[in-house]
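So the protein lines, in turn, are chains A and B. For the record, in the first sequence the residue sitting at position 133 is 132 according to numbering that gives the first Met the number 0, with numbers rising by one throughout. For the record, in the second sequence the residue sitting at position 69 is 68 according to numbering that gives the first Met the number 0, with numbers rising by one throughout.
These aren't lab readings, by the way, just hints derived from the structure by calculation. Some hints could be false.
[As the list claims (entries may be wrong)] Footprint (simulated), chain A over chain B, 3 or more residues, beta carbon under 8 angstroms:
(1) 1–8
(2) 50–64
[Said to hold, decoys possible] In silico DSSO-like cross-links for lysine-lysine, where the CA-CA straight-line distance does not exceed 30 angstroms:
(3) B/49 / B/152
(4) B/293 / B/357
(5) A/68 / B/357
(6) B/491 / B/357
(7) B/26 / B/357
(8) A/68 / B/152
(9) B/160 / B/442
(10) A/12 / A/57
(11) B/23 / A/68
(12) B/160 / B/26
(13) B/432 / B/442
(14) B/160 / B/293
(15) B/293 / A/68
(16) B/160 / A/57
(17) A/68 / A/107
Even for Gly, the Cβ is constructed at its ideal location relative to N, Cα and C.
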Amino acid sequence: MKTNDVIFQTVAKVVFFMIIFFAVHLFFAGHYYPGGGFVGGLLTSGAIVLLLLAYDMKTVRRGFPVDFKWLISLGLLFSVGTAAGSLMFNVPFFTHAYDYFQLPLFGKTSLHTAMLFDLGVYLVVIGVTMTIIQTIGESE
Amino acid sequence: MINLPILPILLPLVAAVLLMFLSKSVKAQRIVSVIASAATVLAAAVVLLKVKADGIQTIDMGSWPAPFGITLVSDMLSILLVLTASIITLCVVLYSFGSIGSGREAFYYYPIVQFLLVGVNGSFTTGDIFNLFVFFEIMLMSSYVLIVIGGTKVQLRESIKYVLVNVISSAIFVIAVGFLYSVTGSLNMAHISTRISEISAEPIITVLAILFLIVFGLKGGIFPLYFWLPGSYAAPPAPILALFGALLTKVGVYAILRTYTLFFYHDQPFTHDILALLALLTMVAGSIGALAYKDVKQILIYNIIIAVGVLLFGIAVMTEESIAGTIFYLVHDMIIKAGLFLLGGIMIYITGTSDLNKMGGLIRQYPALGWTFLIASFALVGIPPLSGFTGKLLIVRAGFETGEYVGAIVVLLSSLAVLYSVVNLFMDVFWKKPEIPLPETKKQTASLFIPAAVLVILSVLYGVGTEVVYPYVMQAVDTLIHPEIYIDAVLKE
Numbered sequence: 000m001k002t003n004d005v006i007f008q009t010v011a012k013v014v015f016f017m018i019i020f021f022a023v024h025l026f027f028a029g030h031y032y033p034g035g036g037f038v039g040g041l042l043t044s045g046a047i048v049l050l051l052l053a054y055d056m057k058t059v060r061r062g063f064p065v066d067f068k069w070l071i072s073l074g075l076l077f078s079v080g081t082a083a084g085s086l087m088f089n090v091p092f093f094t095h096a097y098d099y100f101q102l103p104l105f106g107k108t109s110l111h112t113a114m115l116f117d118l119g120v121y122l123v124v125i126g127v128t129m130t131i132i133q134t135i136g137e138s139e
Numbered sequence: 000m001i002n003l004p005i006l007p008i009l010l011p012l013v014a015a016v017l018l019m020f021l022s023k024s025v026k027a028q029r030i031v032s033v034i035a036s037a038a039t040v041l042a043a044a045v046v047l048l049k050v051k052a053d054g055i056q057t058i059d060m061g062s063w064p065a066p067f068g069i070t071l072v073s074d075m076l077s078i079l080l081v082l083t084a085s086i087i088t089l090c091v092v093l094y095s096f097g098s099i100g101s102g103r104e105a106f107y108y109y110p111i112v113q114f115l116l117v118g119v120n121g122s123f124t125t126g127d128i129f130n131l132f133v134f135f136e137i138m139l140m141s142s143y144v145l146i147v148i149g150g151t152k153v154q155l156r157e158s159i160k161y162v163l164v165n166v167i168s169s170a171i172f173v174i175a176v177g178f179l180y181s182v183t184g185s186l187n188m189a190h191i192s193t194r195i196s197e198i199s200a201e202p203i204i205t206v207l208a209i210l211f212l213i214v215f216g217l218k219g220g221i222f223p224l225y226f227w228l229p230g231s232y233a234a235p236p237a238p239i240l241a242l243f244g245a246l247l248t249k250v251g252v253y254a255i256l257r258t259y260t261l262f263f264y265h266d267q268p269f270t271h272d273i274l275a276l277l278a279l280l281t282m283v284a285g286s287i288g289a290l291a292y293k294d295v296k297q298i299l300i301y302n303i304i305i306a307v308g309v310l311l312f313g314i315a316v317m318t319e320e321s322i323a324g325t326i327f328y329l330v331h332d333m334i335i336k337a338g339l340f341l342l343g344g345i346m347i348y349i350t351g352t353s354d355l356n357k358m359g360g361l362i363r364q365y366p367a368l369g370w371t372f373l374i375a376s377f378a379l380v381g382i383p384p385l386s387g388f389t390g391k392l393l394i395v396r397a398g399f400e401t402g403e404y405v406g407a408i409v410v411l412l413s414s415l416a417v418l419y420s421v422v423n424l425f426m427d428v429f430w431k432k433p434e435i436p437l438p439e440t441k442k443q444t445a446s447l448f449i450p451a452a453v454l455v456i457l458s459v460l461y462g463v464g465t466e467v468v469y470p471y472v473m474q475a476v477d478t479l480i481h482p483e484i485y486i487d488a489v490l491k492e
């Protein structure tokens with residue numbers, strides 16, 4: 000069955016970026032407010048799924064030429080690596096470090112190693128969600 | 000280094016992540032797996048010596064002090080079990096090279112084995128009851144993959160049962176933890192223990208004890224909650240079966256041992272009597288199964304259930320001697336069960352079946368396999384000086400001393416059932432004249448035989464070298480009998 004989904008595809012192209020930006024916003028907001036890697040990752044994979052619905056698997060693969068299973072490993076590496084970094088400084092496992100920096104454009108910013116851990120979570124969530132959805136979708 | 004106790008959990012985790020990157024190359028996966036497993040064994044051995052020298056090791060994760068953060072606690076019991084689990088995983092990984100098949104190897108088999116070890120070692124080490132749940136889940140999710148990987152029809156059927164049973168028991172676990180939290184207001188196990196001793200008269204504690212017994216009983220396979228175990232464990236191939244049989248049920252037993260010595264020791268006439276009764280029924284049910292089946296896998300699987308019964312009885316008696324026996328027997332049973340399942344896997348590989356009626360006459364072509372299996376069987380039964388003896392002796396003696404005559408006699412009788420079932424297995428597989436004559440050409444089994452034999456030798460050494468192991472076990476017993484030692488080490492009072 001061939002459906003006419005011009006409107007859907009056009010809207011999806013725009014909404015995709017809105018969702019992605021909101022996901023990034025939530026990811027960084029998670030530092031002090033509700034949000035973080037998990038929810039950001041879910042939203043991002045939601046955006047990719049929207050593209051999947053509007054177009055097809057092939058188009059999305061061309062847009063994101065990454066193996067999502069590989070993303071899971073990369074995310075785990077970030078998270079485990081951040082936690083294991085404490086071994087180098089001989090402080091208890093998972094101890095984070097943070098400080099305030101004067102950055103151009105942003106002004107006074109707090110940089111925290113928990114962000115790296117959260118980045119790992121973000122990648123794992125995208126990887127897992129997309130792997131599941133692709134596996135279910137492929138059989139059709 | 001203050002992070003020492005985390006290494007046996009961290010090394011397999013890092014290895015698992017690296018292995019996921021290497022999923023294309025089976026050869027690289029094998030090399031990394033062996034190196035990581037060997038490193039884990041080494042790390043566990045270092046921690047063992049550290050605990051022996053300096054007492055209980057703790058880490059407050061993320062520098063949050065106990066009881067607010069998650070604390071990892073390596074006492075002697077934990078680290079003994081971690082070391083045993085790591086050795087078994089190393090042997091199973093080596094055994095997998097020749098037996099698991101390239102399909103499974105290319106499909107994340109090795110990373111999942113490492114994840115399983117993360118869950119098992121984590122469960123043994125953690126000092127936080129909710130964190131115990133998390134590590135249980137890591138272990139269970141890995142086992143879901145391992146039970147279904149390969150996707151044969153019987154595996155799919157059994158994995159549905161297995162996943163369903165474990166999801167339900169995990170749900171009860173969370174409910175029980177929530178319940179415990181609402182009563183005690185803490186998740187740190189040492190802290191819970193002090194809180195419970197303040198309100199010990201409350202009947203709610205007894206309710207919680209039974210709730211936790213149901214949860215851990217489902218994982219550990221005690222009567223009547225073992226119904227899912229024989230079917231599910233028989234589905235996957237031998238190396239996975241060895242991991243399950245040697246590690247998973249024992250984590251359940253460990254959790255019962257830990258909670259019943261640290262939390263629920265105030266209402267012993269009720270809780271420990273129920274434990275003793277269930278232990279007896281478990282042994283009886285296991286014996287019936289072990290005697291009834293004519294199948295290599297089933298006989299060995301029902302022997303797991305008998306062993307769980309023996310261990311449970313040791314916990315129920317709850318004297319210094321019986322706990323020492325339980326720990327001796329727990330370590331022994333992990334090693335020897337892994338060895339037996341690996342040997343059983345070789346027999347199935349040679350004959351192509353696990354049905355005893357179709358096997359026979361292997362002793363002519365495979366004498367080393369036959370005699371190793373016989374030694375392993377005798378060790379399982381507990382014939383002195385082999386490794387099962389010390390544990391059973393201590394448990395039975397403690398049983399008689401405390402007047403639990405029925406229980407002690409059932410333990411002895413169950414040994415007879417074990418002896419009969421495994422000797423029957425030996426006679427059928429190795430001695431009996433085969434119905435169809437065996438092919439002249441001998442199959443190559445050296446790569447499978449060596450890891451299995453290493454485990455059996457280890458078990459023999461464990462039995463002969465009881466004197467060497469004894470001080471380690473007694474240090475573990477000390478912590479269990481006197482929970483104050485554990486509490487003081489964690490809360491640093």
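Results for each hint:
Against chain A, the region 1–8 of chain B contributes 3 residues with a C-beta closer than 8 angstroms to a partner C-beta. That satisfies the three-residue criterion, and the hint holds. For the region 50–64 of chain B, the stated coverage by chain A holds: 5 residues have a C-beta nearer than 8 angstroms to a C-beta of that chain, and at least 3 were required. Between residue 49 of chain B and residue 152 of chain B the alpha-carbon distance is near 47 angstroms, which puts this suggested pair outside the 30 angstroms criterion. For the proposed pair residue 293 of chain B and residue 357 of chain B, the alpha carbon gap of about 10 angstroms is at most 30 angstroms, so the pair holds.
In summary, the hint linking residue 68 of chain A to residue 357 of chain B is not supported, as the alpha carbons are separated by about 44 angstroms, beyond the 30 angstroms threshold. Of the pairs offered as hints, the one joining residue 491 of chain B and residue 357 of chain B is violated, with about 61 angstroms between alpha carbons and a cut-off of 30 angstroms exceeded. As the CA atoms of residue 26 of chain B and residue 357 of chain B are separated by approximately 36 angstroms, the hinted pair breaks the 30 angstroms bound. For the given pair, residue 68 of chain A sits about 26 angstroms from residue 152 of chain B by alpha-carbon distance, which is consistent with the 30 angstroms threshold.
Proximity of residue 160 of chain B to residue 442 of chain B is assessed by CA-CA distance (about 35 angstroms); at most 30 angstroms being required, the pair is judged violated. For the hint pairing residue 12 of chain A with residue 57 of chain A, the CA-to-CA distance comes to about 16 angstroms; that is within 30 angstroms, so the pair holds. Taking the CA atoms of residue 23 of chain B and residue 68 of chain A, the gap is near 12 angstroms; set against the 30 angstroms cutoff, the hint holds. Restraint check: the Cα-Cα separation between residue 160 of chain B and residue 26 of chain B comes to about 34 angstroms, which exceeds 30 angstroms; the hinted pair is violated.
A threshold of 30 angstroms between alpha carbons decides the hint, and for residue 432 of chain B with residue 442 of chain B the separation of about 19 angstroms falls inside it, so the pair holds. For the suggested pair residue 160 of chain B and residue 293 of chain B, the alpha carbons sit about 23 angstroms apart, so the restraint of at most 30 angstroms is met. At roughly 43 angstroms between alpha-carbon atoms, residue 293 of chain B and residue 68 of chain A are farther apart than 30 angstroms, so this suggested pair is violated. At roughly 36 angstroms between alpha-carbon atoms, residue 160 of chain B and residue 57 of chain A are farther apart than 30 angstroms, so this suggested pair is violated.
At roughly 37 angstroms between alpha-carbon atoms, residue 68 of chain A and residue 107 of chain A are farther apart than 30 angstroms, so this suggested pair is violated.
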